[in-house]
Every structure is written in C-alpha cells, then in structure tokens.
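Asker: Could you put the whole structure together from the sequences, leaning on the hints where they help?
The listed protein sequences correspond, in order, to chains A and B. Each residue of the first sequence is one higher than the one before, counting from 506 in the working numbering. Each residue of the second sequence is one higher than the one before, counting from 63 in the working numbering.
FYI, nobody ran anything at the bench for these hints, they're computed from the structure. You can take every hint at face value.
In silico lysine to aspartate or glutamate, EDC-like type, Cα no more than 16 Å apart, as pairs:
id: 1; chain 1: B; residue 1: Lys-103; chain 2: A; residue 2: Glu-514
id: 2; chain 1: A; residue 1: Lys-584; chain 2: A; residue 2: Glu-565
id: 3; chain 1: A; residue 1: Lys-607; chain 2: A; residue 2: Glu-506
id: 4; chain 1: A; residue 1: Lys-607; chain 2: B; residue 2: Asp-162
id: 5; chain 1: A; residue 1: Lys-564; chain 2: A; residue 2: Glu-550
id: 6; chain 1: B; residue 1: Lys-76; chain 2: B; residue 2: Asp-150
id: 7; chain 1: A; residue 1: Lys-547; chain 2: A; residue 2: Asp-587
id: 8; chain 1: A; residue 1: Lys-547; chain 2: A; residue 2: Glu-586
id: 9; chain 1: A; residue 1: Lys-573; chain 2: A; residue 2: Glu-560
id: 10; chain 1: A; residue 1: Lys-574; chain 2: A; residue 2: Glu-561
id: 11; chain 1: B; residue 1: Lys-103; chain 2: A; residue 2: Asp-544
id: 12; chain 1: A; residue 1: Lys-607; chain 2: B; residue 2: Glu-121
id: 13; chain 1: A; residue 1: Lys-584; chain 2: A; residue 2: Glu-522
id: 14; chain 1: A; residue 1: Lys-607; chain 2: B; residue 2: Asp-161
id: 15; chain 1: A; residue 1: Lys-584; chain 2: A; residue 2: Glu-520
Bear in mind the structure is a predicted one, so any value in this text is a computation, not a measurement.
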Amino acid sequence: EDQVTQSPEALRLQEGESSSLNCSYTVSGLRGLFWYRQDPGKGPEFLFTLYSAGEEKEKERLKATLTKKESFLHITAPKPEDSATYLCAVQTVGAGGTSYGKLTFGQGTILTVHP
Amino acid sequence: GAVVSQHPSWVICKSGTSVKIECRSLDFQATTMFWYRQFPKQSLMLMATSNEGSKATYEQGVEKDKFLINHASLTLSTLTVTSAHPEDSSFYICSARRDDHAPLHFGNGTRLTVT
Numbered sequence: 506e507d508q509v510t511q512s513p514e515a516l517r518l519q520e521g522e523s524s525s526l527n528c529s530y531t532v533s534g535l536r537g538l539f540w541y542r543q544d545p546g547k548g549p550e551f552l553f554t555l556y557s558a559g560e561e562k563e564k565e566r567l568k569a570t571l572t573k574k575e576s577f578l579h580i581t582a583p584k585p586e587d588s589a590t591y592l593c594a595v596q597t598v599g600a601g602g603t604s605y606g607k608l609t610f611g612q613g614t615i616l617t618v619h620p
Numbered sequence: 063g064a065v066v067s068q069h070p071s072w073v074i075c076k077s078g079t080s081v082k083i084e085c086r087s088l089d090f091q092a093t094t095m096f097w098y099r100q101f102p103k104q105s106l107m108l109m110a111t112s113n114e115g116s117k118a119t120y121e122q123g124v125e126k127d128k129f130l131i132n133h134a135s136l137t138l139s140t141l142t143v144t145s146a147h148p149e150d151s152s153f154y155i156c157s158a159r160r161d162d163h164a165p166l167h168f169g170n171g172t173r174l175t176v177t
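Answerer: Rendered as structure tokens:
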C-alpha cells in the first residue's frame, strides 16, 4: 500500500527564518511527486511536480527536491503570506504500467510565518 | 493555466435531503475528474474517479448509491450526496487534469453542512 508521511505536522517560523518540510514516501512505482499549497477553506494549489531522484524545482522562495525515498520543500526567507498547509502527494504507476492520475496525499504540514 | 471551478462553495441542507455539487474544467477538456473529501485538519481522501461517458470508479468504503457521480461532458462532473446526514458534513473537492502528463488542478471546494 502506498504511504506518504509528512513532517513536521506544524511549523512556526519567524519571517526570514529559512527551513524545510519533509515528505517521505513508500510506493510500488513512482509516477510523480507533487507539492500543493492549501489555504484555509480553499482547494489545493499546485506548486511542483518531481519525477525522478535528483530533480529540483524552484518557484520564488520555494524549492522542491526529490530522492528515492523522500522529498523536501525548502522555504528561503519566508514571509507571512507563505503561511498555509503544504501537501505532498504521490502518483503511482497502475497495473500494466498505466497511470490513472490517482494521488495519495500526506497529512500536510501547517506552516505559520510570524512577522 | 488550468482552472477548475466548483459550485457551490458552501451549502447547508437538512438531514434527508440531497445536494448536488458541480465541477467544471474551464479551459480544458477532462475525460477524468476526481472527487476528494477532507475532514478538518486531515488530508484529502479520494472518494471516486469520474469517467466521462461511463460509470464512476469508487474507492473502497465509499457508498456509490449515496454519492452519485455523473460525468455528462468533457468539462462537467457532478457529485450528488443523496439523503444527506450530519456525518456527511465535510469539505468536498474536485480535481481534473488536462492529460496524463499534467498535474491535477483542484477546485476551491464545497463546504457541506447537514443539519
């Protein structure tokens, strides 16, 4: 069974204090790893897709990296507007090598950035 | 970018009544859409995969007669919660992808409260 575990559950940072969020996964065949941001009462907003170990993606203050067992979301000099829940999800290869688009989500990390 | 619209954003209904939620892909055609459910401070749980022109595929433990899904066109999927009860109160989110290589994009969710 595919499993995705995110840590920490909650993270409080001061504005400008860089840190990293972790996403560990156990899957039978990784098709892609996705990072989303979710604000309260809203649907998840797509951030990154990573496909293979060693891959990195960047967007403004965020940088996502991927190994064979985990992914990190690095936040550099965060601002209060970066406060949100960050979700990690994996898409796996289905039977016969197909991909159905089904995502398995982690529990999320609630990030709070104080001014 | 891809946009998924969900309506209504919130609904309050009485126990025993049915509620319909719409999910539209605004700028692309989606042969497959996904319906998720999210409880407070928990992650997204896939309920079912909606397939255009065919029956939906439900995840284990999800009652197909209670959560009716109709994917009438390439841009519209609906979820009907039939004979709703207070335990059905939750945040329902739909998602869609342009093609198998594209990331899932989510609607803004529907907050259902059954009184």
